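Take these sequences, add in the hints, and give me the full structure.
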Amino acid sequence: MAESETRYRVGGMDCAACATKIDTAVRRVAGVADVSVSVMAGTMTVRHDGSSDLKTIEKKVTGLGYSVAPLAGNAAPAHEHGSQHRHDHGHDHGDHAGHDHDHEGHDHAGHSHDHDHSHHHAEKEIEGLHGHDHAPMAGPWWQSRKGRLTILSGAALVAAYAVGHLVPAIASYAFIVAMLIGLVPIARRAVMAALSGTPFSIEMLMTIAAVGAVIINAGEEAATVVFLFLVGELLEGVAAGKARESIQSLTALVPKSALLEDNGQTREVPAESLSVGAIIMVRPGDRISADGIIISGESAIDEAPVTGESTPVRKGVDAVVFAGTVNGDAVLRVRVTAAAADNTIARVVKLVEEAQESKAPTERFIDRFSRYYTPGVVVVAALVAVVPPLLFAGPWGEWVYKGLAILLIGCPCALVISTPAAIAASLSSGARRGLLMKGGAVLETLGKVTMVAFDKTGTLTEGKPQVTDIISFGLSEAQVLSRAAVLEQGSSHPLALAILNRAKADGVPVPPAFELEALPGKGVSGKVGGEALDLLSPPAARERGTLSAEQDARITALNDEGKSVSVLLVNGVAAGLIAMRDEPREDAEAGLAALKSAGVKAVMLTGDNKRTAAAVAGMLGIDWRGEMMPEDKQRVVGELKRQGFIVAKVGDGINDAPALAAADIGIAMGGGTDVALETADAAVLHGRVGDVARMIELSKRTMRNILQNITIALGLKAVFLVTTIAGITGLWPAILADTGATVLVTINALRLIRIKI
Numbered sequence: 001m002a003e004s005e006t007r008y009r010v011g012g013m014d015c016a017a018c019a020t021k022i023d024t025a026v027r028r029v030a031g032v033a034d035v036s037v038s039v040m041a042g043t044m045t046v047r048h049d050g051s052s053d054l055k056t057i058e059k060k061v062t063g064l065g066y067s068v069a070p071l072a073g074n075a076a077p078a079h080e081h082g083s084q085h086r087h088d089h090g091h092d093h094g095d096h097a098g099h100d101h102d103h104e105g106h107d108h109a110g111h112s113h114d115h116d117h118s119h120h121h122a123e124k125e126i127e128g129l130h131g132h133d134h135a136p137m138a139g140p141w142w143q144s145r146k147g148r149l150t151i152l153s154g155a156a157l158v159a160a161y162a163v164g165h166l167v168p169a170i171a172s173y174a175f176i177v178a179m180l181i182g183l184v185p186i187a188r189r190a191v192m193a194a195l196s197g198t199p200f201s202i203e204m205l206m207t208i209a210a211v212g213a214v215i216i217n218a219g220e221e222a223a224t225v226v227f228l229f230l231v232g233e234l235l236e237g238v239a240a241g242k243a244r245e246s247i248q249s250l251t252a253l254v255p256k257s258a259l260l261e262d263n264g265q266t267r268e269v270p271a272e273s274l275s276v277g278a279i280i281m282v283r284p285g286d287r288i289s290a291d292g293i294i295i296s297g298e299s300a301i302d303e304a305p306v307t308g309e310s311t312p313v314r315k316g317v318d319a320v321v322f323a324g325t326v327n328g329d330a331v332l333r334v335r336v337t338a339a340a341a342d343n344t345i346a347r348v349v350k351l352v353e354e355a356q357e358s359k360a361p362t363e364r365f366i367d368r369f370s371r372y373y374t375p376g377v378v379v380v381a382a383l384v385a386v387v388p389p390l391l392f393a394g395p396w397g398e399w400v401y402k403g404l405a406i407l408l409i410g411c412p413c414a415l416v417i418s419t420p421a422a423i424a425a426s427l428s429s430g431a432r433r434g435l436l437m438k439g440g441a442v443l444e445t446l447g448k449v450t451m452v453a454f455d456k457t458g459t460l461t462e463g464k465p466q467v468t469d470i471i472s473f474g475l476s477e478a479q480v481l482s483r484a485a486v487l488e489q490g491s492s493h494p495l496a497l498a499i500l501n502r503a504k505a506d507g508v509p510v511p512p513a514f515e516l517e518a519l520p521g522k523g524v525s526g527k528v529g530g531e532a533l534d535l536l537s538p539p540a541a542r543e544r545g546t547l548s549a550e551q552d553a554r555i556t557a558l559n560d561e562g563k564s565v566s567v568l569l570v571n572g573v574a575a576g577l578i579a580m581r582d583e584p585r586e587d588a589e590a591g592l593a594a595l596k597s598a599g600v601k602a603v604m605l606t607g608d609n610k611r612t613a614a615a616v617a618g619m620l621g622i623d624w625r626g627e628m629m630p631e632d633k634q635r636v637v638g639e640l641k642r643q644g645f646i647v648a649k650v651g652d653g654i655n656d657a658p659a660l661a662a663a664d665i666g667i668a669m670g671g672g673t674d675v676a677l678e679t680a681d682a683a684v685l686h687g688r689v690g691d692v693a694r695m696i697e698l699s700k701r702t703m704r705n706i707l708q709n710i711t712i713a714l715g716l717k718a719v720f721l722v723t724t725i726a727g728i729t730g731l732w733p734a735i736l737a738d739t740g741a742t743v744l745v746t747i748n749a750l751r752l753i754r755i756k757i
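Numbering-wise, our numbering puts 431 at position 431 of the sequence shown, and it's gapless, one number per residue.
Keep in mind that the hints were calculated from the coordinates and are not lab data.
Do not take every clue at face value.
[Claimed, not checked] List time: in silico DSS-like cross-link candidates among lysine-lysine, alpha-carbon distance up to 27 Å:
#	residue 1	residue 2
1	Lys350	Lys55
2	Lys448	Lys601
3	Lys448	Lys522
4	Lys610	Lys464
5	Lys448	Lys610
6	Lys504	Lys522
[Stated by the list, open to error] Across the chosen pairs, the derived CB separations fall in these ranges:
#	residue 1	residue 2	range
7	Arg611	Arg754	20 to 26 Å
8	Val211	Ala726	23 to 29 Å
9	Ser476	Gly572	30 to 36 Å
10	Asp632	Pro361	27 to 33 Å
11	Ala718	Asn217	36 to 42 Å
12	Lys256	Asp560	55 to 61 Å
Predicted model only: the values in this text are computed from it and were never measured.
No residue lacks a Cβ here, since even glycine has one placed at the ideal position from N, Cα and C.
Take a look at the structure:
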């Protein structure tokens with residue numbers, strides 16, 4: 001049977017150890033091929049061959065103490081259940097869930113995810129079971145299960161102290177009862193985890209330590225430690241919830257309702273009910289509720305929520321607008337082009353969530369490290385507890401106590417979360433600024449990039465030619481432009497559009513022409529007000545013998561600057577020249593300068609002729625290679641890699657696919673939904689050259705943050721390990737060292753979200 005995959009929303013995960021436990025347990029279910037769990041997104045994706053029972057998978061997860069619910073978008077509509085797996089590589093609903101970009105050859109390509117009906121029942125049962133515990137922190141913390149348990153445990157601890165003072169004889173029993181209130185749920189999860197293949201979970205370490213403490217008569221401390229552990233878990237939950245909100249806050253940008261036009265009337269409908277092709281009305285000051293195309297009206301649109309661009313953009317008929325942007329000053333009518341699940345923001349959120357499920361190299365290393373680290377600590381703790389009393393006649397109580405404290409210090413929670421927390425924060429921080437990176441591996445590699453290869457057209461330049469020079473022989477410049485525009489009206493050729501746009505910008509009159517005739521390969525001719533006009537290419541004008549030597553020299557000079565020239569003839573006599581060129585983007589120079597100052601080299605690869613390439617590269621001060629076919633670009637990227645550069649290739653994605661794939665990192669440039677997200681590892685949604693440098697900077701900051709996190713996590717543990725063996729600190733500081741480190745690491749990672757790049 002074909003593989004299929006199911007995505008779940010998992011509630012109650014707040015540290016990476018949780019993810020590892022779930023991962024280990026679900027992998028053991030028959031028929032499961034692969035599992036990826038993201039703590040930060042609160043999701044789990046299971047790939048299976050269709051033979052595995054989804055009920056079993058859900059039971060495993062609930063058994064470990066988490067809530068689980070299948071995500072919408074798994075189950076196909078009922079009528080399709082017959083055809084078990086439709087391989088629609090056409091990605092119905094822009095379904096990028098397919099592409100798992102962790103470069104390990106997993107191809108999830110577009111399997112439609114349909115499962116049997118048992119799913120729908122499962123969802124209901126589970127919700128009933130857990131009383132909606134799945135939102136990480138939906139509502140105030142004290143209403144969550146963890147919150148209630150922590151409060152109960154704290155109250156029991158206070159009661160035990162009170163009882164102990166009043167009736168000292170039963171004090172130790174009171175503390176044991178207080179401890180059990182918190183410990184029983186922890187111990188239950190420990191046993192489930194052990195049965196599912198994770199014997200050394202923090203819950204297990206906690207249970208051993210607490211029971212051991214009671215045996216050596218430290219019941220009071222055992223109860224306190226259990227309470228502190230619960231407080232720590234609660235804090236981790238709040239911190240993880242904060243990190244999740246940062247991504248979900250993107251979705252909150254899209255308004256919930258829309259004004260739908262229906263038979264000449266407008267009525268308010270939920271935004272998710274809008275279908276493609278519907279017409280909506282957007283009032284001034286409203287958020288636009290769907291991606292679409294303006295069909296009437298012109299307004300300044302504030303795209304800051306989606307693009308981070310502070311200045312509003314004027315948009316008129318036929319312009320594309322994104323969900324979540326704010327309409328400024330006029331009523332717009334918009335034709336919807338994407339359903340709610342596929343609008344730009346939804347796709348960005350989906351990509352970011354999936355990116356978090358794919359692991360970065362550092363994260364994989366730490367996962368492996370912690371697999372040996374925790375058992376190692378357990379061995380050390382056992383030796384500390386047993387060796388001194390046996391060999392050196394040390395007091396048993398004291399050394400067992402130290403051993404138990406070391407057990408608690410051993411929990412790798414803070415260490416394991418150090419990387420994913422920072423990566424999740426960076427991915428969502430980048431996404432808010434239109435910098436999309438598919439996964440931790442991409443984010444990590446970006447910081448190491450030493451050479452960026454840029455495509456020219458549409459990447460470093462606007463991709464649309466502009467009129468750069470108007471040279472007149474005898475007429476005024478405006479007259480030359482007006483006559484050229486007359487001949488070009490109605491044409492959609494890029495050079496014609498350049499002339500028409502310039503005429504519109506300069507406010508030049510464009511009277512209607514008669515007898516317009518296209519001369520294939522040469523130009524256009526027509527009659528206006530008694531004048532015979534021709535707009536020709538220089539070779540065609542030379543054929544007619546109308547150019548003087550001086551005029552010919554002017555054309556050659558313009559051609560050497562990489563400009564295309566058209567010659568205007570009035571009644572057969574040369575009256576003027578119009579020169580055009582695809583000009584660099586406004587921010588290209590600044591963007592390249594930012595790369596240079598970061599110590600990254602840049603080169604421009606273009607299919608254009610060498611003169612144009614040299615002219616544009618000269619203006620931007622960048623190395624270049626011209627007249628390249630797509631396979632040449634791919635070859636050059638390969639050569640640069642062999643020279644030892646870590647290469648990022650930036651292109652607008654259409655003809656660059658081979659080179660984007662060949663580079664260490666392929667970055668697609670482009671607006672919104674058309675980004676070539678398929679082949680690229682990263683995307684700059686707003687097409688700013690400077691964003692490439694910002695991406696690299698974000699990556700470097702993230703790697704620094706991860707290093708700080710690992711230092712905090714291991715540093716605190718090392719300090720407390722030494723002080724415990726020396727007998728300075730006991731069980732309480734041990735548990736504080738662990739949860740404290742986890743909370744510190746998470747808070748440090750969350751700093752990345754607030755970065756202003």
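_Unmet hints by their number, sorted upward, for this structure_ = The structure breaks hints 3, 5, 7, 9, 11; every other hint is satisfied.
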